[in-house]
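Start from the sequences and build out the full structure, keeping to the hints where you can.
For the protein sequence lines, the chains are A and B, in the order given.
Under our numbering, the first residue of the first sequence carries the number 3, and numbering increases by one thereafter.
Under our numbering, the first residue of the second sequence carries the number 41, and numbering increases by one thereafter.
Read the hints as simulated data drawn from the structure, not as lab findings.
Warning: the hint list may mix true and false statements.
[Said to hold, decoys possible] Simulated crosslink set (DSSO-like; lysine-lysine; CA at most 30 Å straight-line): (1) B/LYS367 / B/LYS344; (2) B/LYS184 / B/LYS285; (3) B/LYS51 / B/LYS298; (4) B/LYS319 / B/LYS285; (5) A/LYS108 / A/LYS122; (6) B/LYS51 / B/LYS344; (7) B/LYS58 / A/LYS109; (8) A/LYS223 / B/LYS319; (9) B/LYS184 / B/LYS248; (10) B/LYS115 / B/LYS367; (11) A/LYS34 / B/LYS312; (12) A/LYS223 / B/LYS298; (13) B/LYS344 / B/LYS298; (14) A/LYS108 / B/LYS58; (15) A/LYS109 / B/LYS319; (16) B/LYS319 / B/LYS298; (17) B/LYS285 / B/LYS115; (18) A/LYS108 / B/LYS319; (19) B/LYS312 / A/LYS223.
[Claimed, not checked] Label-pair ranges, simulated between beta-carbon atoms: (20) A/GLU91 / B/ASP144: 38 to 48 Å; (21) B/GLY320 / A/TYR80: 35 to 45 Å; (22) B/TYR146 / A/ASN105: 23 to 33 Å; (23) B/GLY320 / A/GLY35: 26 to 36 Å; (24) B/HIS49 / A/GLU91: 57 to 67 Å.
Source: prediction; values computed, not measured.
Note that CB positions come from ideal geometry on N, CA and C, so glycine has one too.
Read off the chains here:
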Amino acid sequence: MPLLEVDSLTVEYWTRRGIIRAVDNVSFALDKGEMLGLVGESGSGKSTLGHSLVRLLPTQGSIVGGHIRIGGKDVVGYSEEEMRSIRGEKIAFVFQDPMTSLNPVKKIGEHLVELIQTHKPNVSREEALRFAEAALDDVGISTERINDYPHQFSGGMRQRIMIALAIALNPDIVIADEPTTALDVIVQAKIMDLLRDLCDAHGMALILITHDISVVLERCKKVIVMYAGNFVECADSVSLHNDPKHPYTQGLLRTVPNIELADQRLESITGSPPDLLDLPSGCRFWPRCPQAMKVCHMKGPSMVELENGCCVRCFLYGGLEQ
Amino acid sequence: MSVIVDVEHLKKYFPVQKSFFEKLFTRTSSYVKAVDDVSFSINEGEVFTLAGESGCGKTTTGMILAMLMNPSGGKILFDGTEIAGLRSEELRLLRRRIQIVFQDPYASLNPRMRIGEALGHPLEIHGLATGVDKRNRVLEILEKVGLTPPERFVDLYPHELSGGQRQRVAIARSIILRPEFIVADEPVSMLDVSIRTVLIDLMMELRKEFGLTYLFITHDLAVAKYISDRIAIMYLGKIVETGDKEEVFSNPLHPYTKALLSAVPVPDPERKRETVELKGEVPSAIQVPAGCRFHPRCPYAFAKCSEVEPQLIEIEENHCAACHLVKG
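In structure tokens form, the structure reads like this:
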């Protein structure tokens, strides 16, 4: 049984202009120790999907269909109380911006102690402090700094603290939403190394949400590409890199500069992503697709599984007969 | 090729605010040395890139070159004229020739000005065009940056445009006065990858059409490699390495450049990563380490590094580095 199983999940936002379907009928599974990359441009629904897995959607957003099974149990129907008991212990979240996610008037040790004592009420303060020290040690922060405040740390160190908070209770699944976007490349590489080491050491599964396809290809075994609320391609990173199937993935890979290539010719995808309130008929990508056919304007393709186990949502690879 | 911008020993120190007691009891002031003795020159028609991590002084250098900030020391010659200390009328004339594109197209456009007004404003300020003439020039420039049909865009407000379209407006605004030199401060880093290339290509086309010279400021070395002719790598207010793009990327000399390049993610799952490990983090620009400012983090540091500051010297043709380990 997979650690996490998402089955036809649909998430909607209620706005003054109408209902936005930010995540539309997505399914995937995550196994123990796996590193899964979720890539997409802004507005593709990748962060919404991440937030809905821990049920931390803003009030105007809600899960309107589908299932999220964590360790076999469907958490979509969980009350806030029940959800709170599994957040941190089973599934944890690392937010993008460590500046705003830490309480500026609280010592970092207190952040950790509060977390531990909330989930394990009968742990004494001394014991919680020892747990906190161990968590800091795991992420490479000297335990002498346990009484420092967030502003005394650099951006990279704050992101390490965020990771310490996420892994303190030894969750099975960690979701990291753009964990390195605000950081410089050298720090970014160190944080990604840290996440990988932690996954290896604790057997955690990681979902890395990012717009940066270079990071995902370099770090993740499995990759899901999102476009306008849909999954358009799921593949292992090697197949995705060597033989991208979906025209969007193909286009996306041609826009990424590679520092190791000389005289690279970059291309771009014409147009811009659609407004989710005003989606094109048929396939959501057809107005930008160089290979669009007549049928693409008329109906939306469904996910097709290919021989190598990869999945793609495009009529070029079948699915027309239904 | 003639030199259009020549920067010599440029410095920018920001005073650190002191508390009341510090003011009473200490005499010395401390400074953030954002840019600390930087020299380089930019040739006409080329793309010169300043790259480095946050806090290295690349944006401050750009702001000074765009005359939005005064330097604390050093000289900047634009086309032979010293720009520091110019009086307002001369400065105004020079501003026509030097323009800037900012990083954030959401913050750099006035939300209450229609696109047409925002673009026409510089023409009015410089007394170049009014009325129908102004409108025609605005329409012409919108067409040039790919916002077509231009009539549809002149009367829109910035919030009605996407990020990519806003950045096109910012680029249009920077070229409407027909400048010779443009400072582009991270112009694509806020945009989605699928539209980045279009804007980079647009900037390169405009360079050909209008004979522009760019100072391109970026933290993204993959983008830097794609567009530059020459590049300078900055660390803590200083240039540590500079040279022709091919040279710097294929044969980095300075240990910092090597570490920086090795940390850039490569979109290839089958490539083995070989990182140059650096100790610690970038130190504060207030208390800059003695000697080579990179020595506390450098894996190859030796005694001399903590004592003598290395100078930027030419090691190979068109390739300079500031490191005791490399000799010309």
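Results for each hint:
About 14 Å separates the Cα atoms of B/LYS367 and B/LYS344, which keeps this hinted pair within 30 Å; it holds. The straight-line distance between the Cα atoms of B/LYS184 and B/LYS285 is roughly 28 Å, inside the 30 Å bound, and the hint therefore holds. Annotation: proposed proximity of B/LYS51 to B/LYS298 holds, straight-line Cα distance about 26 Å (limit 30 Å). A distance of roughly 27 Å separates the Cα atoms of B/LYS319 and B/LYS285; the hinted pair therefore holds under the 30 Å criterion.
Between A/LYS108 and A/LYS122 the CA atoms are separated by roughly 20 Å; this keeps the pair inside 30 Å, and the hint holds. A C-alpha spacing of about 25 Å is found between B/LYS51 and B/LYS344, which places the hinted pair at or below 30 Å, so the restraint holds. Proximity of B/LYS58 to A/LYS109 is assessed by CA-CA distance (about 25 Å); at most 30 Å being required, the pair is judged to hold. Using a Cα cut-off of 30 Å, the hinted pair A/LYS223 and B/LYS319 holds, with the two alpha carbons roughly 29 Å apart.
In summary, the hint linking B/LYS184 to B/LYS248 is supported, as the alpha carbons are separated by about 12 Å, within the 30 Å threshold. As the CA atoms of B/LYS115 and B/LYS367 are separated by approximately 28 Å, the hinted pair is consistent with the 30 Å bound. With a C-alpha separation of about 24 Å, the suggested pairing of A/LYS34 with B/LYS312 holds against the 30 Å cut-off. For a cut-off of 30 Å, the pair hint linking A/LYS223 to B/LYS298 stands: about 27 Å separates their Cα positions.
Taking the CA atoms of B/LYS344 and B/LYS298, the gap is near 20 Å; set against the 30 Å cutoff, the hint holds. With a CA separation close to 25 Å, the supplied pair A/LYS108 and B/LYS58 stays within the 30 Å bound. A distance of roughly 25 Å separates the Cα atoms of A/LYS109 and B/LYS319; the hinted pair therefore holds under the 30 Å criterion. Distance hint between B/LYS319 and B/LYS298 is fulfilled; the C-alpha atoms sit about 14 Å from each other, no more than 30 Å.
Distance restraint check for B/LYS285 and B/LYS115: the Cα-Cα separation of roughly 25 Å lies within the 30 Å cut-off, and the hinted pair is therefore satisfied. Taken as a hint, the A/LYS108 and B/LYS319 pair is honoured in the structure, with Cα atoms around 28 Å apart against an allowance of 30 Å. Restraint check: the Cα-Cα separation between B/LYS312 and A/LYS223 comes to about 14 Å, which is no more than 30 Å; the hinted pair holds. At about 39 Å, the beta-carbon gap between A/GLU91 and B/ASP144 stays in the expected band of 38 to 48 Å.
With their beta carbons about 43 Å apart, B/GLY320 and A/TYR80 fall inside the hinted range of 35 to 45 Å. In this structure the hint that B/TYR146 and A/ASN105 lie 23 to 33 Å apart at CB holds, the actual value being about 28 Å. For the pair B/GLY320 and A/GLY35, the beta carbons lie near 31 Å from each other, so the given range of 26 to 36 Å is met. Distance hint check: the CB atoms of B/HIS49 and A/GLU91 are about 58 Å apart, consistent with the given range 57 to 67 Å.
The structure shown violates none of the earlier numbered hints.
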